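A.B. asks: Each chain, letter by letter, is given below.
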Amino acid sequence: MLDLLTTLNAWLLAPLTDYAFMRRALVGGLALSLAAPPLGVFLMLRGMSLVGDAMAHAVLPGVALGFVLAGFSLPAMSLGGLVAGLLVAGLAGSVSRMTGHREDSAMASFYLISLALGVMLVSLRGSSVDLTHVLFGSILAIDDTALWLIASVASATLLVMALIFRVLVVECLDPLFLRGQGIRGGLVHGVFLGLMVLNLTAGFQTLGTLMAVGLMMLPATTARFWTQRLEGLIGLAILIAMVSSTGGLLVSYHLGLPSGPCIILVAGIAYLASALCGRHGSLLARVRRRAAPLETDENACKPS
Amino acid sequence: MSRLSLEALTLAQGGRTVLENISGTFEDGAITALVGANGAGKSTLIQAIMGLLTPLSGKVNCGVPKERRAWLPQQLALDLTFPMSVEELMLSGCWPTHGTFKRYGPADYRRMHTIMQRLGLSGLAHRPLGELSGGQRQRALLGRTLMQEAELLLLDEPFANVDTHTVEILCDTLREMASAGATVIVVLHDMEQLAQLADCVLLLASGHAQWVEPETLLERHHAPARRHAHTQAPFISLNLPDVPPCSTY
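Residue numbers (the UniProt record's numbering), protein chains in the order written: chain F, 1 to 304; chain H, 1 to 249.
Rather than coming from a laboratory, the hints here were simulated on the basis of the structure. Heads up, none of these hints are tricks.
Just the calculated beta-carbon pair ranges, DEER-fashion:
(1) 37(H) / 99(F): 22 to 32 angstroms
(2) 17(H) / 124(F): 47 to 57 angstroms
(3) 134(H) / 144(F): 52 to 62 angstroms
(4) 46(F) / 126(H): 22 to 32 angstroms
(5) 107(H) / 21(F): 48 to 58 angstroms
(6) 106(H) / 255(F): 50 to 60 angstroms
Computed from the model, here is a short list of chain H residues facing chain F with C-beta under 7 angstroms:
(7) 50
(8) 52
(9) 66
(10) 67
(11) 83
(12) 84
(13) 92
(14) 95
(15) 100
(16) 128
As the structure is a computational prediction, the values presented were derived from the model and not from experiment. Note that CB positions come from ideal geometry on N, CA and C, so glycine has one too.
With the rest of the complex left out, here is chain F:
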């Protein structure tokens, strides 16, 4: 019994009690896990799952510009990423509204331009090591500034999401109803994209610009296999993200692997397992599908 506790302690707690950088990494990961998954749930429900990925690429030239101008400075790189992301989102939105083209085609065009610019800027100044750092992050090197940044972004995201929650839900389901009520759906959409860029920028230091999307999308797509209610999706996605962050971090510590990919892979395993044996729409659910009994409730569907 004591042996078991000792082993558990060595595996789960010791890394955190012994090393400050692990504690920082955990707090950063958990904060991101609170804010990013709800955004992912809405992206998924709007059929925009890949837009997060596009935006992550779009953030890159801003980060690179910050790096070229100020060296490896987190505030400069984050600010640059934020500006670049918002610029691409804004340009894509206005081009699609002006031309009537679908927003995803405009966004694809702008993010590709942006990505090429970013890679060009990094190659002008830094070495390939720097590029890897920007792309894949390094959760083990988070300092207090980064932690403050992540915590502020996570708090702001949750607050704003709470404020626009009802509008967002109604807009997803029936945008025309909202327009009829005199609410500009475009504005809500813009705020939502802004939050997404903010989270990707906060996530790039810990997970890298590309991996940050993983913590946003994978928990959301995993939760879809377990619940069909919006609140359930959001809650479960947050839980999955938190477990993945903690688990991935410990795995990366014990096996000496890079932390970003570890966290996303743990979330990926959760996704695959859910696709196999989740409650709704998984492989197992399809095999075991039984029909619900006929309605016996006399109120249901009864002609009045």
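Got chain F; can you put chain H on it based on the hints?
C.D. replies: Structure of chain H alone, referenced to chain F:
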């Protein structure tokens, strides 16, 4: 005094003039049928009345505030994969009074349950929208407009793909709303429903509009030459010169 009238209205969509120089008054408390072939501009006119389309010239005079205008678009305009229950859809009709922030109170729930009972939706409050039949969904959407206490109601082919039970409930409810003073405009194709429901008819064809009496249209329709031999549902004559205009509008 009428709350909704059109004044020399010309509407264009995608660079093409769809409707030209339409004038007329929609009576309060009356159900007006909007009739015309596909592409005649029925949906365009509805958009203009909802204030979602700026007219090329002329104007829509509408005394109903924006939040009391309701539009039931054609079926399938909704994203049914979105995880929302009937209850949540109906409560979103509280928007004019509750907006983004206000909590739904016990009175709102009571009102919702009364409306659900009236529409034959009791027991379905927590059912996801994706699991409803076409008729149930249409009733839930009408439920939202009742929650909204709409004074101007525009419905785009509300009876397409719904069961007869739903058609009955929808007709009764629309009639009740009209009796309570609401202005109701319905896009219709089916002659029997028009006979049952419409107080007056606005006929749209080749970019022009004409107000006609439902009786006139029905008489025309019953002339044997006008019958569609191969379809079961009787359809409406669509040539303006065939139909004498109505004198009152």
